[in-house]
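Peer 1: Chains as they are written, first to last, in my numbering: chain V, 50 to 637; chain P, 50 to 637.
Hints were generated in silico from the structure; no laboratory data involved.
Please read all numbers here as calculations on a predicted model, not as lab measurements.
Hints may be right or wrong, so weigh each one.
Note that the list lumps identical chains together, so a pair holds whenever it fits in one copy or between two copies.
Said to hold, decoys possible - Dumping the calculated SDA-like pairs for lysine to any residue here, alpha-carbon to alpha-carbon at most 20 Å:
#, residue 1, residue 2
1, 565, 593
2, 321, 515
3, 565, 81
4, 568, 637
5, 565, 589
6, 464, 609
7, 464, 371
8, 603, 497
9, 464, 542
There are 2 protein chains.
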Amino acid sequence: MYLETIYSPADVKKLDMAQLRCLAAEMREALLQKISVCGGHFGSNFGMIEATIALHYVFESPQDKIVFDVSHQSYGHKMLTGRKDAYLDPARYSSVSGYTCPAESEHDFFNIGHTSTSISLACGLAKGRDALGGRENVIAVIGDGALCGGEAWEGLNNAWELHSNFIVVLNDNQIAIADNHGGLYRHLQDLRDSDGKAECNLFRAMGYEYLFVKDGNDVEALVDAFTRVRDADHAVLVHICTVKGKGYAYAEADKEDWHWKHPFHIENGLSKSSRVGPPTYDDVGRDLLLEKMKNDPGVITIVAGVPGAIRFTPQIRRQLGGQCVDVGVSEEHAVAMAAGIARRGGKPVFVTDCSFFQRTFDQISQEVCINDLPVTLLVRNASVLGMNDITHLGIFDIPLLSNIPNLVYLAPTNKQEYLAMLDWSLEQTGHPVAIRIPKGAMREAAGPVDSDYSVLDRYQMTARGDQVAILALGTFYGLGEQILAGLQQTLGISGTLINPRYITGLDREMLQELQKDHKLVVTLEDGILDGGFGEKIARYYGSTGMRTMHFGLKKEFLDRYDAQEILQANHLTASQAVQDIAACLATI
Amino acid sequence: MYLETIYSPADVKKLDMAQLRCLAAEMREALLQKISVCGGHFGSNFGMIEATIALHYVFESPQDKIVFDVSHQSYGHKMLTGRKDAYLDPARYSSVSGYTCPAESEHDFFNIGHTSTSISLACGLAKGRDALGGRENVIAVIGDGALCGGEAWEGLNNAWELHSNFIVVLNDNQIAIADNHGGLYRHLQDLRDSDGKAECNLFRAMGYEYLFVKDGNDVEALVDAFTRVRDADHAVLVHICTVKGKGYAYAEADKEDWHWKHPFHIENGLSKSSRVGPPTYDDVGRDLLLEKMKNDPGVITIVAGVPGAIRFTPQIRRQLGGQCVDVGVSEEHAVAMAAGIARRGGKPVFVTDCSFFQRTFDQISQEVCINDLPVTLLVRNASVLGMNDITHLGIFDIPLLSNIPNLVYLAPTNKQEYLAMLDWSLEQTGHPVAIRIPKGAMREAAGPVDSDYSVLDRYQMTARGDQVAILALGTFYGLGEQILAGLQQTLGISGTLINPRYITGLDREMLQELQKDHKLVVTLEDGILDGGFGEKIARYYGSTGMRTMHFGLKKEFLDRYDAQEILQANHLTASQAVQDIAACLATI
Numbered sequence: 050m051y052l053e054t055i056y057s058p059a060d061v062k063k064l065d066m067a068q069l070r071c072l073a074a075e076m077r078e079a080l081l082q083k084i085s086v087c088g089g090h091f092g093s094n095f096g097m098i099e100a101t102i103a104l105h106y107v108f109e110s111p112q113d114k115i116v117f118d119v120s121h122q123s124y125g126h127k128m129l130t131g132r133k134d135a136y137l138d139p140a141r142y143s144s145v146s147g148y149t150c151p152a153e154s155e156h157d158f159f160n161i162g163h164t165s166t167s168i169s170l171a172c173g174l175a176k177g178r179d180a181l182g183g184r185e186n187v188i189a190v191i192g193d194g195a196l197c198g199g200e201a202w203e204g205l206n207n208a209w210e211l212h213s214n215f216i217v218v219l220n221d222n223q224i225a226i227a228d229n230h231g232g233l234y235r236h237l238q239d240l241r242d243s244d245g246k247a248e249c250n251l252f253r254a255m256g257y258e259y260l261f262v263k264d265g266n267d268v269e270a271l272v273d274a275f276t277r278v279r280d281a282d283h284a285v286l287v288h289i290c291t292v293k294g295k296g297y298a299y300a301e302a303d304k305e306d307w308h309w310k311h312p313f314h315i316e317n318g319l320s321k322s323s324r325v326g327p328p329t330y331d332d333v334g335r336d337l338l339l340e341k342m343k344n345d346p347g348v349i350t351i352v353a354g355v356p357g358a359i360r361f362t363p364q365i366r367r368q369l370g371g372q373c374v375d376v377g378v379s380e381e382h383a384v385a386m387a388a389g390i391a392r393r394g395g396k397p398v399f400v401t402d403c404s405f406f407q408r409t410f411d412q413i414s415q416e417v418c419i420n421d422l423p424v425t426l427l428v429r430n431a432s433v434l435g436m437n438d439i440t441h442l443g444i445f446d447i448p449l450l451s452n453i454p455n456l457v458y459l460a461p462t463n464k465q466e467y468l469a470m471l472d473w474s475l476e477q478t479g480h481p482v483a484i485r486i487p488k489g490a491m492r493e494a495a496g497p498v499d500s501d502y503s504v505l506d507r508y509q510m511t512a513r514g515d516q517v518a519i520l521a522l523g524t525f526y527g528l529g530e531q532i533l534a535g536l537q538q539t540l541g542i543s544g545t546l547i548n549p550r551y552i553t554g555l556d557r558e559m560l561q562e563l564q565k566d567h568k569l570v571v572t573l574e575d576g577i578l579d580g581g582f583g584e585k586i587a588r589y590y591g592s593t594g595m596r597t598m599h600f601g602l603k604k605e606f607l608d609r610y611d612a613q614e615i616l617q618a619n620h621l622t623a624s625q626a627v628q629d630i631a632a633c634l635a636t637i
Numbered sequence: 050m051y052l053e054t055i056y057s058p059a060d061v062k063k064l065d066m067a068q069l070r071c072l073a074a075e076m077r078e079a080l081l082q083k084i085s086v087c088g089g090h091f092g093s094n095f096g097m098i099e100a101t102i103a104l105h106y107v108f109e110s111p112q113d114k115i116v117f118d119v120s121h122q123s124y125g126h127k128m129l130t131g132r133k134d135a136y137l138d139p140a141r142y143s144s145v146s147g148y149t150c151p152a153e154s155e156h157d158f159f160n161i162g163h164t165s166t167s168i169s170l171a172c173g174l175a176k177g178r179d180a181l182g183g184r185e186n187v188i189a190v191i192g193d194g195a196l197c198g199g200e201a202w203e204g205l206n207n208a209w210e211l212h213s214n215f216i217v218v219l220n221d222n223q224i225a226i227a228d229n230h231g232g233l234y235r236h237l238q239d240l241r242d243s244d245g246k247a248e249c250n251l252f253r254a255m256g257y258e259y260l261f262v263k264d265g266n267d268v269e270a271l272v273d274a275f276t277r278v279r280d281a282d283h284a285v286l287v288h289i290c291t292v293k294g295k296g297y298a299y300a301e302a303d304k305e306d307w308h309w310k311h312p313f314h315i316e317n318g319l320s321k322s323s324r325v326g327p328p329t330y331d332d333v334g335r336d337l338l339l340e341k342m343k344n345d346p347g348v349i350t351i352v353a354g355v356p357g358a359i360r361f362t363p364q365i366r367r368q369l370g371g372q373c374v375d376v377g378v379s380e381e382h383a384v385a386m387a388a389g390i391a392r393r394g395g396k397p398v399f400v401t402d403c404s405f406f407q408r409t410f411d412q413i414s415q416e417v418c419i420n421d422l423p424v425t426l427l428v429r430n431a432s433v434l435g436m437n438d439i440t441h442l443g444i445f446d447i448p449l450l451s452n453i454p455n456l457v458y459l460a461p462t463n464k465q466e467y468l469a470m471l472d473w474s475l476e477q478t479g480h481p482v483a484i485r486i487p488k489g490a491m492r493e494a495a496g497p498v499d500s501d502y503s504v505l506d507r508y509q510m511t512a513r514g515d516q517v518a519i520l521a522l523g524t525f526y527g528l529g530e531q532i533l534a535g536l537q538q539t540l541g542i543s544g545t546l547i548n549p550r551y552i553t554g555l556d557r558e559m560l561q562e563l564q565k566d567h568k569l570v571v572t573l574e575d576g577i578l579d580g581g582f583g584e585k586i587a588r589y590y591g592s593t594g595m596r597t598m599h600f601g602l603k604k605e606f607l608d609r610y611d612a613q614e615i616l617q618a619n620h621l622t623a624s625q626a627v628q629d630i631a632a633c634l635a636t637i
């Protein structure tokens, strides 16, 4: 077995072409075993095996610097750079992250997880090299799906200006997470169809030397191409055509399904865990959207490369036709386009994961909110219970979104409330509305929920007591109920419980009324405290005698954490909170 | 005179070609008179006169919808759509904004001021039209300088997928605010050099029908081209070559200087107000940067299309060579590139206006802050005293930036402190640092300032009193001094004054110590209160007996405001604040 002998890229260079092909097979086998147990990005890694081998065969990492876009395709790179045991030894499977990580290896230059960044990051490495007199190669690896992202375009445009060594490897597997969309892909097809010989070539037109590798899973052809561009003194783009999921028939046959795969049975490709569970907020949100779209051609759902965010399967998307727009990883365009649709009288909904809303702050603020257009934004995975990779955290959205004028940011606490808010948002024309989709097991409403949210910033008092009032936002409403019960049990206090519903404004009337017979107001929010909801309450009461306490997360980048541990560390369990409240009450 | 007879685009259509040429001359004359008095975007408007006439001659606005990118070139459009008096009658000069504005006219569809948005917005209008069964033309006007922006690329890619009427007018005047940069511009030159006949054509490659108008200041040629594409059932791009500043020799000769022009003498083009005033924070910051760059090739300044933000004249840029990188309006790339430079051991500085940092939140958070790289961000015009157009406000940066982990956001209060912080930031390697450049008349330090800011979150107490402590952030430090004096005069209170310096963290030790002999802590910040600095202080003291008051701006979009009025409205004058503090103290 060759893979077991690879401790660094130097060991790759010792092998001949036939041995490299064996190595590729061994790497696929190791990946298959590991992903079948742990889950992970399947298709991109299987497709990039030969290119990864060839890169490390030709270049001298870490002196030569390879930057992987998103870096979800870097599993093979990790195997060849001293981390093979994380793929060969089940006991060490969790010793590496799913993305490049400088803390793991000198061969990794950035923690990356968002799309379309590699060219710009590599351009910076090259610029630094040139300024400091270095001579190494700098290589940006980017997929076809990421090339439509604006940041990639900006980088591609500017990197040419380096007039020095800069190598882009365009890994064209003809698909993003789902299908590619847009005129760029028409052009990439022209290039593929002509074996790279088309007279019109975007990359050449922009000043890049251009090489085409028809079979990007042929290690020898790749070694040849990379050898030709090594030490180039100008910008080069190597266009390699690979097969996503290469080498595992099920993955090759259904590339979208195998983009990211949960643990599965190797023999038949079937998932180990049954996917049939109780319906989730994603499911019921999708169902309502589908119903609305069916009844109203003006309702248009926009996704940015991740249609799974709203559970739109390929079949659903086909049925929806033009009412579902997948813009590719183009969040900026998605939001600006939504503004345009709303301006024309349509009812646009843009849905994506919390972390990706960060990519389009300016469009939300300028195109949507300054123009006060009725755009609906569905913010998914906004929770400490959401994705837990450092690059995909869902705990920063409240400071990001809730401080933009005109935006109404809603935090539903259960299924019926979520659906009522979504329905209302689609039918109202007053303001842009963002909805923080709850996370965790879906809750049912205890009673009727409002259908009209147009009178802004009206909190809902669900239990009226005295002394202590708990404002429990969104997903943490359940925690609020537990704390309320805990206060009763432990301290004999019948407190007040409030579902604030609106993140973006204060119910001054209710807050003022609390001053009559409460001495402490407690806020709970499922995100960082800095810039968040609780601080607005703290400011409101600052000049009064009311005491306030604020439970939420510390401002920090977490990585691959255990949610329960983090909740505990931030005193976000009912028993801890009750204890803290008791301690505070003792000082008043 | 024709212009006086134009009450709507219908009146444009009554004129023949010779008359349209006269109209163009009259429009230029009106613009010349107005801008010479009021200042404004000169070059783009002069260049776009014929195209604007031709658009309104051929299309049926407002049913047909024209979206102007940035909309800084929409002065001519306003003249032809019922707003001529705002250009002909000096008494009405201020009756229109410098950008499109739906509140002014049904011919304006969006408040716009940021770059590269028109294609995406127009794509949304077209998508809405198609969904709702409309048949109008949708036209996006965009400049060559804006085309390198990522959002424009995302829109260009996706709009083709409409497969319906969509017209892009690319106004290629061969310059942005300053020179264009990047491989795209090499390609545009190929297209111009070949009169649009180059075999390789990016736009055709992406599926667009392509028309080339060699003289984009020839109204007849433009009318012909627009007539050919009117009612197209697919995506079309009309590439028109115009002369920025066309028709005024001084502006044609120095296009960068005449991009935006202060009031000037028509006869010689000289500015009416002498530019020689006392040095500003921009000047001294530039001088320090130049010195650092001269002594250290690793110091690299990045600008994104607005080199004026750091007062880098064309001459300075030529001298700096590769140490100054103008990436064009590509803020995302600028920040990601800075991350790469820092990772390679360089010392990158990215400087732009506050409002444009909104365009790159994700890159700051992900590429820079997750990787904790020593990038310096200079945040300019972050103040209520900054730009006052609704699209360029500098009052939202504290919630945006100060809640990102790892980022150190500093608020200097005077010249020496600003320079010391900038110097320190460039030489340290611990964290990313953003500096909120003070605004207003430059202040000198009263005493020595620290040179080392690496022990984070240490506030500076500049006057120790009791009862009331004032935390006066950045530009509002002077206001803090006035309030301190007012408290003494009015209430006989010798308060405490603190320069917090760090926006991103709390000096818990100092805050705790204040509890000994203070009963009220007051915060002052030059930005919106929501998600800002004061709220962090409010949260800190929430559970204690300390009262807090927070002075800053209300969360709202302001437009073309008088700063003094806004300060007054937000109780941000010393006398108002002293009165409010007295009222609060009376309740304690």
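Peer 1: What hint numbers does the structure not satisfy?
Peer 2: Checked against the structure, the hints that fail are numbers 2, 3, 6, 7, 8 and 9, while the rest are satisfied.
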